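J.: When you get a sec, could you build the whole thing from the sequences and use the hints?
Residue numbers (UniProt numbering), protein chains in the order written: chain A, 1 to 641; chain B, 1 to 641.
Honestly, I wouldn't trust all of these hints.
Given that identical chains are not distinguished, each listed pair holds provided it fits within a single copy or across any two copies.
Said to hold, decoys possible - DMTMM-like cross-link-like pairs, simulated, lysine to aspartate or glutamate; straight-line CA separation at most 25 Å:
id : residue 1 : residue 2
1  : LYS297    : GLU414
2  : LYS13     : GLU47
3  : LYS508    : GLU119
4  : LYS598    : ASP255
5  : LYS283    : ASP67
6  : LYS51     : ASP495
7  : LYS80     : ASP589
Don't read these hints as lab results, they were simulated from the structure. These numbers were taken from a predicted model, which means no experiment stands behind them.
2 protein chains.
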Amino acid sequence: MMAAAWANQYDIKTRIIDKNNARIGRGQADGLQARTLEIFDSFGVAEGVWKQGFHDIEICTWLARGDEGIYRSQRVLSQKAGISRFTQTCINQAIIEQTFVDLLAIDGRLHVERNVLPENLSFERSHLGIQNVYPINVEVRHLQRHRTSPLKNGTREGQKSHIQIKSDEDADAANEQANGDTEATEKINAKYLLACDGAHSWTRRQLGLPMEGEQTDYVWGVMDIVPLSNFPDIRQACAIHSATAGSILNVPREDRLNRLYIQLGLEDNSNNRAQITPRTMIKAAQKIMAPYTIDFKYCDWWSLYKIGQRISPKFSGANRIFLAGDAVHTHSPKLGQGMNVSMQDAYNIGWKLGAVINGTAKPDVLATYETERRQVALNLLKADREIARFYSRDSEKKQNGADTEIPDFGRIREKMHEFLAGIGITYASSILVAGVVDDNAAAVFANGHSGMHKSVIAKPALAFNIKLGARIPSYKILNQAEARPVQLADLLKSDGRWRILVFAGDIKDSVQSTRIKELGSALAAPDSILHTYTPTHKPIDAVIEVLTIHSSPRTEVSLFDFPDIFHPYHEELGWDYWKVFVDDKAYHDDDCGNAYEKLGVSRLEGCLVVCRPDQHVGYTGALEDIKDMERFFEAILIPRV
Amino acid sequence: MMAAAWANQYDIKTRIIDKNNARIGRGQADGLQARTLEIFDSFGVAEGVWKQGFHDIEICTWLARGDEGIYRSQRVLSQKAGISRFTQTCINQAIIEQTFVDLLAIDGRLHVERNVLPENLSFERSHLGIQNVYPINVEVRHLQRHRTSPLKNGTREGQKSHIQIKSDEDADAANEQANGDTEATEKINAKYLLACDGAHSWTRRQLGLPMEGEQTDYVWGVMDIVPLSNFPDIRQACAIHSATAGSILNVPREDRLNRLYIQLGLEDNSNNRAQITPRTMIKAAQKIMAPYTIDFKYCDWWSLYKIGQRISPKFSGANRIFLAGDAVHTHSPKLGQGMNVSMQDAYNIGWKLGAVINGTAKPDVLATYETERRQVALNLLKADREIARFYSRDSEKKQNGADTEIPDFGRIREKMHEFLAGIGITYASSILVAGVVDDNAAAVFANGHSGMHKSVIAKPALAFNIKLGARIPSYKILNQAEARPVQLADLLKSDGRWRILVFAGDIKDSVQSTRIKELGSALAAPDSILHTYTPTHKPIDAVIEVLTIHSSPRTEVSLFDFPDIFHPYHEELGWDYWKVFVDDKAYHDDDCGNAYEKLGVSRLEGCLVVCRPDQHVGYTGALEDIKDMERFFEAILIPRV
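T.: Written out as C-alpha cells, the structure is:
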C-alpha cells in the first residue's frame with residue numbers, strides 16, 4: 001500500500017494484487033516509529049493514526065525482587081525529546097491499511113485486486129537492460145471468492161493452508177468471469193515487479209533466494225485484550241521480567257486494547273501449539289505479573305510465534321523484481337520495528353520506480369534500493385538480537401534469576417534510540433547521496449557502487465545537524481507572505497519532487513543579497529538544472545522545487561526582495577507565495593525562530609541542501625556550489641528531450 | 001447544520017428542510033473566529049478547516065500619504081497571543097457546510113431535505129406549556145427540482161425571485177411523490193422549530209417580528225479572485241484606506257483566493273447595481289491600491305451589499321420557535337463575525353433543545369437562548385458600528401482626507417479583541433450560570449430571569465482566570481495513566497454531557513487527599529447528583545462526567561490513589577484510564593505543566609468547576625461545596641424516574 005501511494009503520486013500504470021479476499025481486520029503489527037509517522041504525514045495521512053493511536057512515551061521495566069513479585073526498576077523515555085515531531089505510536093495494522101485504502105480512494109485510480117493468486121513468474125533476461133519493454137511475465141489466477149478467506153483470529157500471514165487451490169482444469173474458463181463461478185487465469189506483463197508477500201514470500205522462492213540466519217525453537221504468545229488489571233503501568237509500554245515465570249512485553253493500544261507478548265516457555269511443536277489458548281496465555285501472564293492481577297473478558301486477536309533473525313542475501317532480481325518487508329527480513333516483534341522497516345522498504349523503492357518509469361530518473365538509481373535497505377535490515381537484526389537477550393533469559397536459557405545478569409533495558413534502548421525512531425537511518429554515499437571528504441573517506445567510497453558521486457563532494461559542515469543520507473530534520477518556520485508557522489517537513493510532501501532548499505541567510509546583508517541574486521540568475525538561466533530536467537509544458541517546479549528559507553526579520557523584507565525564480569509567476573495565478581519562508585519568531589507559537597540554529601546553518605551565510613523525494617539529504621553545499629549541484633543531478637536525472 | 005450536529009449527538013428526532021436544491025458552492029461568508037474553531041473541534045471537525053484555511057495572523061492598515069498613494073501605517077496582531085489554540089481563519093462557507101454534511105454522514109441518521117419550501121406555520125397556543133405534545137404545524141411544499149436552483153454567482157441569500165411558487169392547486173397531489181413530477185405538500189408537526197432562514201427570514205415574518213435598526217444607502221462590492229498583484233501585503237489581511245478613492249478590506253483565503261470588500265462610492269439603486277461588474281469593481285480597487293497594481297483573470301464569486309445594523313426584538317416565539325443567525329441580526333461583514341455569531345446561536349440553542357427533548361433538562365433552560373444570544377447580537381452591532389467608522393469616511397461622509405480623522409484601526413481591534421475571537425462571550429447569571437457576590441451583585445441579578453440561581457453563589461476567586469459564563473480556557477495537561485499531553489478542551493467534547501472538573505490539587509498532601517476522598521464518597525453516594533440525574537441502565541458518566549486534574553508529580557501518584565468514582569470500573573472494560581489527568585511537565589511538549597497557574601487555581605487546594613455541554617462555565621466552588629453544586633444542577637436537570 002505504501003508503494004501504491006507512490007505509484008499514485010507518479011501517476012504510473014500499476015496493478016496491486018492480493019491473494020486474500022479481504023484486508024486484515026485485526027491483530028498483526030501495531031507499532032509505528034516516529035519516522036513512519038513522518039512518512040505518513042508526507043502523504044497527508046498521519047493525523048488520524050496519530051490521534052487514534054496510543055502514544056508510547058515512557059517505557060517502564062519491571063524486574064523480580066526475590067519471591068515478592070515484580071517491582072518497577074526503570075522508567076525510560078521511549079524516544080529522546082526533540083528528534084521528531086512524532087513519537088512512537090501503537091495502533092492496529094488494520095487501521096494503517098485502511099488509511100492507505102482511503103488515501104488511494106481519493107484519486108480512485110488504484111485499488112487492490114483481491115482473490116488474485118500468482119502462479120507463475122518468468123522474465124526475459126535478454127530484455128532486462130532495455131527500457132520500455134515488459135520483460136516480466138506473471139501468471140495469476142482469479143480465485144472464486146468462497147475459496148479464500150480473510151486472515152482469521154489466530155492465523156498468521158503466509159499459512160497457505162487457508163487457500164485451497166483447485167485443479168488446473170478450472171483454468172480453462174480463463175478470462176470469462178474474473179470473480180464469477182469459474183476461475184480465470186491471466187498473464188500480466190510488467191516492466192517492474194515489487195513483491196511484498198510476507199515471510200513465506202512466493203516471489204522470493206521463485207527467485208531461488210534463501211532466508212539466511214537463525215531461529216529459536218521457543219514459542220511466544222501474542223494477544224490483544226481489553227485488560228482487567230490493577231497493574232499500575234498497564235497503560236504504559238512495559239518490559240516485565242519475572243523471577244522464574246518468564247517475560248512479558250505490554251503494549252497499550254488504541255481504544256482500550258493492550259497487546260501482550262508473553263513468553264510461554266514451551267518448545268515449538270504441534271503438541272504444545274494445540275494446547276495453547278488465550279486462557280493458557282493469560283494464566284502465564286498472571287504468573288509473570290504477580291502480585292498484580294490481570295484478566296480479560298474480551299480478546300480481539302491472538303497468535304503464536306517463534307523468534308528468529310533471518311535475511312535474504314539479495315533484495316532484488318536484476319533490479320527488475322524487488323522484494324520488500326518480511327519477504328526479505330524477519331525478526332522478533334520486540335522492538336516494534338517490523339511494520340516500519342517493511343513500509344520504509346516500499347517507501348524507498350516506490351519513488352525510485354516512479355521516477356524511472358515516468359522517465360525523469362535513470363534506471364541506475366534502482367540499484368540503490370538493495371544497498372540502502374539491506375543495510376537497514378542488517379542493523380535491525382543486530383538490534384533485535386541485542387534486545388532479545390533482555391527477554392530471553394530464564395525460560396530459554398534456563399539460567400538462574402539474579403537481577404544482575406539482566407541486560408539494562410534502558411541502556412540498550414538509549415544506545416539505539418535514533419535507530420528505533422527510524423530517524424537514525426542514514427544511507428551511504430551513492431549515486432543518490434554525495435560523498436564527503438573526511439577521515440573515513442576511503443570507507444565511505446568502499447561502500448559505494450557504480451554511479452557513485454566520486455566526484456561530487458558535499459560540504460556537510462555548512463549544515464552540521466543535517467546529515468547526508470539521513471532524512472532532514474523538521475522545525476517550524478514561517479511563510480514570508482502569510483506569517484503562518486509551518487513545519488519544514490510540510491513543504492517536503494511525498495509528491496515525487498526533488499527539493500533544493502536555499503538557506504538564504506540574512507539577505508539584508510548586501511554581500512548575502514548579491515550571493516542570492518547570483519544563485520537566482522543561475523537557476524533561472526535557460527540551461528539551468530530547472531530547465532534541463534523539467535519536461536516542456538510542465539511547471540518549472542514539477543521535477544525540482546526551489547524552496548527558500550531566509551533568516552532576516554520577516555517584517556523587514558518582502559517576497560519581492562528575492563529573485564523571481566524563487567517565487568515563480570503564473571499568468572493566471574500570479575506570484576507563488578508559498579515558496580519563500582523565514583526562520584523568525586511567531587506570534588502564536590513559541591517554537592519558531594531557531595531552525596537555523598537547530599539545523600546548524602549559519603544565519604548570515606546560509607547554504608544549499610538537496611532533498612531527495614523521500615526527504616533524505618543528497619547534497620549540501622555553499623550558495624555558489626551550483627556546478628557541483630548540477631553534477632549531482634546529472635548522475636540521476638534524465639534531461640528533457 | 002450546527003444545530004443538526006447537536007441533534008445528532010442527542011439522538012433526537014429531527015428534520016432539516018431547505019428550499020434550495022443544492023448547498024452553497026462558493027462565495028458567502030469566509031471568516032472563522034478562534035471560538036468557532038474551538039466549537040468545530042468539540043465536534044471533531046476543526047482540523048480540515050484549520051489546515052485548509054488561511055490563518056489571519058497579522059492585519060496591516062494602509063493609509064494615504066497625500067497624493068503619493070498608500071503606505072503601511074500599522075501592523076497589528078489579528079488576535080492576542082495565548083487566548084485560544086486557534087487563530088482567526090478564512091475559508092469558504094461552502095467548505096464549512098461540507099464539513100458538517102460529512103459529520104452528519106458518519107452516523108447517516110440526519111440529512112438535509114432539499115427543495116422543501118415552508119408555506120404555512122401555525123401553533124396551538126393552549127399546548128405551549130405542555131411537554132410531549134406537538135404544538136407546531138408547518139405546511140411544506142416539496143418543490144420540483146427544476147423549480148429551484150442553487151445560489152448563483154453574484155446572487156445573494158434571501159432573493160426569493162429564484163423560487164417561482166406555483167398556484168395552490170398543485171398541492172392537491174400532496175404526499176404522492178415528494179420529488180416527482182407533481183408537487184407534494186406535507187404537514188409537519190413538531191415540538192420545536194429552529195429557523196435559520198436568513199436575513200429575509202420567512203419564519204420571523206410569520207411571527208410578526210420586525211428587524212429594528214438602521215441601513216446605509218451606500219453599496220459595497222465583494223469579490224473572490226486569484227489576485228495578480230505586486231502589493232506586498234496581498235497575503236495578509238489589510239484594511240486599506242485611500243485618500244479619495246475609498247476603502248478596501250483584503251482577506252486572503254484558502255487555495256490562492258483573496259476576498260476583497262470594495263467601497264464603490266455609489267448609492268444603492270437599480271441603475272447603479274446594473275452597472276457594476278467584477279471589472280468595474282477591480283477598477284475601483286486599482287484606484288484605492290495605487291501605486292500598487294492589482295488585477296485578476298479568475299473570479300470565483302462576486303456580489304453587492306449595503307451596510308446596516310439591524311436586530312429583531314425577540315429571538316423566540318413562546319420558547320417553542322427559535323430564530324438564529326441572519327434571521328434575527330444583520331450587520332456588515334467587516335469584522336468577519338456573521339457566520340460565527342450565527343453558528344454560535346445554533347450552538348447555544350442546539351444543546352438546550354437536545355437536553356429538553358431527550359428529557360434530561362427542564363424546559364426552563366430554553367428561555368436562556370434569547371437572554372444569552374440577543375446580548376451577543378447587540379454587542380456585535382455595537383462593534384460593527386464602531387469599525388464601520390474606519391471604512392466609511394470619505395465616500396460616504398464626503399469629508400476631507402486628512403489622516404488624523406481616521407479612527408485608529410489597531411486600537412479599535414485591540415479594544416474588542418476577545419469579542420472578535422469569540423472568546424470574550426460571557427453569559428450573564430441565569431439558571432445556567434451561578435451568581436456571584438461582588439460589588440455589582442445587584443446588577444448581575446437585575447439581568448437575570450425566573451429560574452435564576454439567586455441562591456446558588458459561585459466562588460470564582462478559586463479559579464480566577466476561569467470566568468463564570470464564559471467558555472473555559474484550554475491548556476495542555478497529561479493523562480495520568482499514559483503520560484500523553486492533551487488539551488483540556490479535548491475532554492469537553494460536544495456530546496451533550498455536563499462536566500464536573502475536579503481540580504484535585506496536590507493529593508500527596510494528606511489534608512488534600514482527605515478532601516478528595518470525601519468528595520469521592522459524596523459523588524459515589526446513592527443519592528449523589530451522578531445517580532440522581534443518570535437514567536437507570538446508562539453509564540454513570542452519561543449525563544454528568546467527572547474529570548479530575550491533579551497537581552502532584554505524575555510519577556509519584558497512581559490512578560489508584562483516587563476514589564473509584566473518579567475512574568469508574570466496568571466489568572468488561574476494566575478501569576477507565578481516561579478520566580484522571582495531571583498538570584505536569586511533558587517529555588516532548590514544552591507547553592505543559594502550568595495549567596493551574598494559567599487558570600488561576602491553587603496548586604495545593606484546587607477547586608470544582610462545572611462546565612455546561614457548550615463548555616461555558618456554570619459554577620465554580622470549593623471541593624466541599626457539593627451541596628451548592630447539587631442545587632445548581634437541581635434547577636436545571638430532571639431526576640431520573
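J.: Are the hints correct? Go through all of them and say.
T.: Quick rundown of the hints versus the structure:
For the homomeric pair LYS297 and GLU414, neither the shortest alpha-carbon distance inside one copy (36 Å) nor that between copies (58 Å) is at most 25 Å. Taking the shortest alpha-carbon separations for LYS13 and GLU47, neither the intra-copy value of 28 Å nor the inter-copy value of 33 Å comes in at or below 25 Å. Taking identical chains as interchangeable, the C-alpha atoms of LYS508 and GLU119 are never at most 25 Å apart, the minima being 66 Å within one chain and 67 Å between chains. For the homomeric pair LYS598 and ASP255, neither the shortest alpha-carbon distance inside one copy (36 Å) nor that between copies (31 Å) is at most 25 Å.
For the homomeric pair LYS283 and ASP67, the shortest alpha-carbon distance inside one copy (18 Å) is at most 25 Å, but the shortest distance between copies (88 Å) is not. With identical chains, the CA atoms of LYS51 and ASP495 are at most 25 Å apart both within one copy (24 Å) and between copies (18 Å). In the homo-oligomer, the alpha carbons of LYS80 and ASP589 lie at most 25 Å apart both inside one protomer (22 Å) and across protomers (12 Å), since each shortest distance falls under that limit.
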